[in-house]
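Let the sequences and hints guide you as you build the complete structure.
There are 2 protein chains.
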Amino acid sequence: AATADSGIPAAGAEVAFQFLHSELVSFLLREQLQGGGGGPATVQQCRAQLSKLETMGFRVGQAYVEKMTKDLPRFRDDLEIVKFLCKDFWASLFKKQVDNLKTNHQGVYVVIDEKFSLLVPMARGKQYLDRCHLYTAFPCGLIRGALTNLGLRAIVTAEVEELPRVKFQIQLVQHSA
Amino acid sequence: AATADSGIPAAGAEVAFQFLHSELVSFLLREQLQGGGGGPATVQQCRAQLSKLETMGFRVGQAYVEKMTKDLPRFRDDLEIVKFLCKDFWASLFKKQVDNLKTNHQGVYVVIDEKFSLLVPMARGKQYLDRCHLYTAFPCGLIRGALTNLGLRAIVTAEVEELPRVKFQIQLVQHSA
Numbered sequence: 001a002a003t004a005d006s007g008i009p010a011a012g013a014e015v016a017f018q019f020l021h022s023e024l025v026s027f028l029l030r031e032q033l034q035g036g037g038g039g040p041a042t043v044q045q046c047r048a049q050l051s052k053l054e055t056m057g058f059r060v061g062q063a064y065v066e067k068m069t070k071d072l073p074r075f076r077d078d079l080e081i082v083k084f085l086c087k088d089f090w091a092s093l094f095k096k097q098v099d100n101l102k103t104n105h106q107g108v109y110v111v112i113d114e115k116f117s118l119l120v121p122m123a124r125g126k127q128y129l130d131r132c133h134l135y136t137a138f139p140c141g142l143i144r145g146a147l148t149n150l151g152l153r154a155i156v157t158a159e160v161e162e163l164p165r166v167k168f169q170i171q172l173v174q175h176s177a
Numbered sequence: 001a002a003t004a005d006s007g008i009p010a011a012g013a014e015v016a017f018q019f020l021h022s023e024l025v026s027f028l029l030r031e032q033l034q035g036g037g038g039g040p041a042t043v044q045q046c047r048a049q050l051s052k053l054e055t056m057g058f059r060v061g062q063a064y065v066e067k068m069t070k071d072l073p074r075f076r077d078d079l080e081i082v083k084f085l086c087k088d089f090w091a092s093l094f095k096k097q098v099d100n101l102k103t104n105h106q107g108v109y110v111v112i113d114e115k116f117s118l119l120v121p122m123a124r125g126k127q128y129l130d131r132c133h134l135y136t137a138f139p140c141g142l143i144r145g146a147l148t149n150l151g152l153r154a155i156v157t158a159e160v161e162e163l164p165r166v167k168f169q170i171q172l173v174q175h176s177a
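Chains as they are written, first to last, in full-length UniProt numbering: chain A, 1 to 177; chain B, 1 to 177.
One or more of the hints may lead you astray.
Because identical chains share one entry, a pair is satisfied inside a single copy or across any pair of copies.
[To be verified] Below are the DSS-like pairs computed for lysine-lysine, each with C-alpha atoms no more than 27 Å apart in a straight line:
| no. | residue 1 | residue 2 |
| --- | --- | --- |
| 1 | K95 | K70 |
| 2 | K167 | K96 |
| 3 | K67 | K83 |
| 4 | K67 | K95 |
| 5 | K96 | K67 |
| 6 | K102 | K83 |
| 7 | K115 | K67 |
| 8 | K115 | K95 |
| 9 | K52 | K95 |
| 10 | K70 | K96 |
| 11 | K83 | K115 |
| 12 | K115 | K52 |
| 13 | K102 | K87 |
| 14 | K70 | K87 |
I should point out that these hints are in silico values taken from the structure, not numbers from a laboratory.
So this is what it looks like as structure tokens:
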């Protein structure tokens, strides 16, 4: 019934990327629960798992942006880089641009995505909420990695009040030159 | 210089999926090396890491195929399912179809991909070869999960002689009804 020529709307690799991220979070969550004997995770355990996810996100973000931008001219300034992140990077990974970008023009950027693709598979269940923000560590790393590759050091944090809406705060770290 | 309208060839989410898989393998490899005190991994350690990757692949494969096929008519037979896997599933995740599909018509299928997308990031270094097949466990799980969701139980194994060429063997398990 189905062949490659039949024009089936393919789910698309961005969905597989979502699912893989979701599995990764579940996996680290299970690992944490097993390690913790079933009780609530300690702060230290949370931090360890967050750090693993953030690191993986960072590396993926770096490699991905490297590939995306290798034939592009250099960006003029910080704002242009952040705009690239919010438009092209977002669209290519998440099939949409961000919904809102604000800046105080002093190195702080607030990025809002009303329906953040990586949180969509998790939005079905509530079991992830209050789980040490395990579900935003990877995306924060992803953004930080992308920015690092484009020459901007940043601290990236995320706030989720209701899945799958997410607010990222990007605080650029001053260059020392 | 770059905007969403400028027609930049986006790297594409399938590349992010590749990178994330690659990071996952590196992560489990590091975890194994740390756990093993730097010496060669024991068979038991290898099995544990393989099993984690295979399980994650299985879940992603199941969820992904569920999403891909939810509006499709049922498949007529096993061969049609395997063809769907080799054409549509492959094309949507890996941006190409498999290069060769053989069957003995008794439930064994051999699938060859000359340039398997998930192994491309690893094809750069040799450090992954001989590493307990860590790099094929996830794809084997992915295929097994996809087939399971379509009603076929299977044993899936992979052989890699030279990256990124891979030969998957799918052995269908007879239904007991």
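**Report entry** Hint check, failures only
**Finding:** none
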